[in-house]
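Chemist: Starting from the known structure of chain H, arrange chain X on it as the hints suggest.
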Amino acid sequence: MFLRCFRAENRKLHASPIWILFFLLPVISAVYGTFNYLQNLGILQDQWYSLWTQHTLFYALFFYPVLVGVYAAYLWRLEHRGHNWNLILAAPVRPLALFLAKYVVVLKLVLLTQLLVFGLYVLCGKAFAHLPGWPPVQTLLFLLRGLVGGQCVIALQLLLSMLIRSFAVPVFLGLAGGVAGMLCASKGIGLAFPYALMQVGMNANKSEDLLAGQYGGFLLASALWLALFLALAHLLLTRRDVRA
Amino acid sequence: MQPVIETQELCKVYGQRRAVDGVELHVPEGCVYGFIGPNGAGKSTTMKMLLGLVHPTAGRVCLLGQPMTERNRLALLRQTGSLIESPSGYPHLTGEENLQVVADLKGVPRKDIDRVLEIVDLAGDRRRKVGQYSLGMRQRLGIAMALLGSPRLLILDEPTNGLDPAGIQEMRDLLVHMPERTGATVFVSSHLLGEMEQMAEQVGIIDHGKMLFEGPLQALQRHSRGNYRLRVLQPQKAVPALQARGVPARLEKGALTLPPLPDAALAAAVQAVADAGAGVVELTAHTKSLEEIFLSLTQTREVK
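Protein sequences appear in the order of chains H and X.
For the first sequence, the numbering used here assigns the number 203 to the initial residue and increments by one for each residue that follows.
For the second sequence, the numbering used here assigns the number 815 to the initial residue and increments by one for each residue that follows.
If we strip away everything but chain H, and leave its shape as in the complex, we get:
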């Protein structure tokens, strides 16, 4: 049942305009990060690690929540427009399967985005910053951790966009969440806030490992947030009347 929903969701992405954003935002983020790095070579002396902080600072803070917000808002906008709520909820599938399919589709998009971010990081490091050798393997791990933390943001943004018919409002909430996440992360309570989980996972703007010795708590917090958002989605989809 889930696979059927997933195939249907994938089909909806065909010829959709979000692919423009998919390429645009990581490129802006990379250009900005590289520029910042080259301007501040005096303080940024950790080479690949320093370039990583500059690349991911704005990506994790602004672009990631916005991008996930847009992906999520777009997927629900397809149902908000027309009368497609009636169409999908009168289909013989469990409502949670519909939500999970959207979650996995955004997860897939985010994974591709993260790979693009990494590709741009390596490219900028070699072509513009002329860094020696290849980036440390640890940066790939940061990327993976970013995805683990970031999937809570996906579930939360999908929940917001499911409830709020507007496109812009949930995206803006995502942006505000990103900023609030940075504040939480800097106060050391990053695990208590989904947007901050993404940032500590990515190790954005820090050269030392933010998560050293905290993996258990990080994974647990990520799983708990996800479970909470899925449970909320299930309740809302089954208890509320459809308003299309």
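Just so you know, these hints were derived from the structure itself, not from any lab.
Among the hints, erroneous ones may be present.
[To be verified] Computed list of lysine to aspartate or glutamate pairs in DMTMM-like fashion (alpha-carbon distance at most 25 Å, straight line): (1) X/K1024 to H/D443; (2) X/K1051 to X/E1066; (3) X/K1067 to X/E1106; (4) X/K1024 to X/E823; (5) H/K310 to X/E911; (6) X/K1024 to X/E1009.
[Said to hold, decoys possible] Where chain X lies over chain H, by a calculated footprint (3+ residues, C-beta under 8 Å): (7) 212-219; (8) 292-306.
For glycine and all other residues, C-beta sits at the position ideal for the given N, C-alpha and C.
Modeler: Showing chain X alone in chain H's frame:
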């Protein structure tokens, strides 16, 4: 025969407003059932409750002989095709891609898409984006989506809404032949009685959330029989002839208005007028509008 749709005391209350108030539907298998009522009468809400999209405040829904529960809802939906508050669909995808989305959700093989495209006559436009479709084409696409998987029951909410006369005619032809063509029972709503008279065998009339009438169309037509208008060359000869037979006639705008009469009495009255040498030119039956039928139905209810 087991009814395909049966509801008992179905109610939906929004705040103070009783949108649906004790509705009892009995839709026999293999027919086209017209669910008629003015806008805001509770048709869409009732249809959404049949599909479990809206939760009833009270009452029961039975589909295909089974009471609908949270547990068997998906199994019942698998045998049901629906089009609610049309038209749905994804405008950035082609007609065929839209059907693929629905086929995947329903778990229906993709080859069924060709069949439904043929039925609604959209095979030639399958590769065009739905955003470029006309309203009529989008409505037909909606019907095609409902038809995927050959459901036993079709629930269609105002499928002719917003169509031009040619589109309405096409939709009517499509639906009236649906039971024989696909074996499906069609439960279709409309706010126009005239439209239903040409396709439904069974009708249910709802107003202000309450059922006013349910039964065969012929039974309803007895209520809808209005006055007759008889145009003659010499009305002054016709009036005494009619009065002699005890038929009250009024002269209005050069023609006589007769009250509703049984067929035999009407034939005899016209014969008498002709024999009197009044020169019969034209006899037209006036059908009551839906509003007038509502009025007559509510009045009969009060008398009962």
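Chemist: For every hint, state whether the structure bears it out.
Modeler: Comparing the hints with the structure gives:
Straight-line distance between C-alpha atoms of X/K1024 and H/D443 comes to about 21 Å, which keeps the hinted pair within the 25 Å bound. Straight-line distance between C-alpha atoms of X/K1051 and X/E1066 comes to about 15 Å, which keeps the hinted pair within the 25 Å bound. Only pairs whose Cα atoms come within 25 Å are accepted, and X/K1067 paired with X/E1106 is accepted, the gap being roughly 22 Å. Taken as a hint, the X/K1024 and X/E823 pair is honoured in the structure, with Cα atoms around 10 Å apart against an allowance of 25 Å.
Among the hinted pairs, H/K310 with X/E911 is consistent with the structure: their alpha-carbon atoms are about 21 Å apart, no more than 25 Å. Restraint check: the Cα-Cα separation between X/K1024 and X/E1009 comes to about 21 Å, which is no more than 25 Å; the hinted pair holds. Counting residues of the region 212-219 of chain H whose C-beta lies closer than 8 Å to any C-beta of chain X gives 6; at least three are required, and the coverage claim holds. Under a criterion of three residues with beta carbons nearer than 8 Å to beta carbons of chain X, the stated coverage of the region 292-306 of chain H is upheld, 5 such residues being counted.
Checked against the numbered hints above, the structure violates none of them.
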